[in-house]
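Put together the whole structure using the sequences plus the hints.
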Amino acid sequence: MPSRSLLLDERAIARTLQRMASQVVEQNRGTEGLLLVGIQRRGVELAERIARLVEAAEGVDIPRGKLDITLYRDDLQAVGARPVVGETRLPGSLDGRTVVIVDDVLYTGRTVRAALDEFADFGRPRRVLLCVLVDRGGRELPIQPDIAGLTITTRPGDRVDVSISELDGRDAVELARGD
Amino acid sequence: MRSNWPVATEPVVPALGKDLIGLETLTADQIRLILDTAEPFKEVSERAIKKVPALRGKTIVNLFFEASTRTRISFEFAEKRLSADTVNVASAGSSVSKGETLVDTARNLEAMRIDMVVIRHGSSGAAQFLGERIASNVINAGDGKHEHPTQGLLDLLTLRDRFGSVAGLKVAICGDILHSRVARSNIWGLTKLGAEVAVCGPPSLLPRHVEELGVTVLPRIEDAIAWADALNVLRLQLERMQAGFIPSLREYNRVFGVTRERLARAPKDLVILHPGPMNRGVEIDSDVADGPFSVILPQVTNGVAVRMAVLYLLAGGTTAASAAARGEAA
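First to last, the protein sequences are chains A and B.
Numbering follows the numbering used here, with no gaps: position 75 of the first sequence is 75.
Numbering follows the numbering used here, with no gaps: position 141 of the second sequence is 141.
Simulated from the structure, these hints should not be mistaken for lab results.
Relax, there's no trap hidden among the hints.
Some, not all, of what chain A presents toward chain B, calculated at C-beta under 7 angstroms:
id, residue
1, 71
2, 72
3, 87
4, 121
Where a beta carbon is used, it is the ideal one built from N, C-alpha and C, also for glycine.
Below, the structure is given as structure tokens:
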């Protein structure tokens with residue numbers, strides 16, 4: 001049996017998201033042109049929460065989008081459990097915007113690579129920032145986060161489970177150690 | 001919970017099997033999987049750049065032995081929007097007109113390392129025949145009087161869009177049922193998803209024992225209009241008139257035409273489908289075809305999304321949903 005340990009509980013996640021929301025505004029030097037894009041599925045909920053925190057702090061509306069990268073994957077033939085394609089919805093052109101990619105866990109970097117490819121079909125953002133709740137290391141591509149809520153070192157057999165109350169009934173980040 | 005275990009490379013089991021021959025051989029779960037997969041593909045066609053790289057590097061041959069505009073173009077758009085490379089082969093002007101057999105044509109194409117064949121053919125069973133003899137995926141784009149599965153699927157998607165669910169709907173299929181592969185695919189798909197189906201047309205154009213497919217026969221168009229939530233009005237194939245199945249087009253319109261006057265007497269507003277091409281003033285009047293309850297153009301839009309879903313599912317690996325669709329534990 002793999003051992004499980006709690007990395008972030010509900011309150012820790014709330015504090016972390018608050019800090020990430022401030023960092024988003026700092027790195028963009030304001031809210032001008034900001035667009036938060038969540039990666040299906042948990043990234044969408046996290047982007048929504050960060051957007052609400054930015055709105056509360058800055059008093060402006062922050063547009064959000066959602067992105068499903070399934071059709072941009074590089075492993076159509078190789079993945080065993082391929083999910084049904086989710087919804088992609090981006091508000092208009094990305095030209096000139098600061099697009100913040102929001103996802104739950106950054107691991108190999110292949111999802112982000114696919115997201116960057118997909119963005120190219122929607123326009124030319126002024127800048128793209130990568131914002132993740134957990135950076136677990138183990139990159140297979142030269143991709144690094146601009147904002148990370150939590151940075152940990154994991155082994156390939158480990159698993160980082162992010163639970164989000166909207167989808168899973170509770171907020172938690174847990175590490176399951178593999179053998 | 002999100003799982004990011006390292007991905008295990010398992011043998012790939014396609015969600016729908018190797019080929020799509022008809023809706024008769026699909027389960028209700030497989031049909032729903034296709035319709036659910038079609039949803040996100042609708043959005044791809046609304047983008048400024050209408051293209052995703054899912055089938056990049058795949059080569060698809062559209063092998064059309066019968067005239068087709070809508071279906072061929074719809075498949076071609078679906079293929080191109082998934083970034084596949086496509087070649088169209090029509091029977092006229094190809095070696096088919098020199099007497100080459102279907103299997104020889106397909107094997108020669110396969111020798112050029114293609115991945116999929118979309119076939120339309122005048123003989124019932126041609127798609128299955130081909131699928132059993134070549135390794136590429138085969139998609140039936142209409143074979144004789146047998147099936148036209150992607151038309152059936154786009155009709156289901158359009159009904160689901162309009163009503164929210166297909167289960168419990170009353171759908172009347174009107175016109176030439178005897179010669180219609182669209183009717184057959186519709187009957188299989190609708191009944192599998194729990195709709196009630198009736199057929200309506202002149203006795204000379206109804207197959208014998210059609211009730212055995214689980215449908216009701218309504219002899220009069222007025223009865224179909226009074227009963228149904230939606231009418232799927234089939235094209236009257238004009239060559240049938242020469243063959244003596246109906247006395248005249250005018251007579252057909254007078255007795256079986258879907259007209260505004262007839263619809264006005266219905267207890268509710270009926271949704272009107274037609275697979276095209278329409279004979280305006282024969283099986284359907286223009287003010288019905290262009291009226292507020294016509295979904296004929298949404299059907300065409302949905303056709304591209306459904307065909308993208310079929311191509312994607314046949315090309316790709318297994319899914320949790322598809323394992324469930326085959327009745328296995330995910």
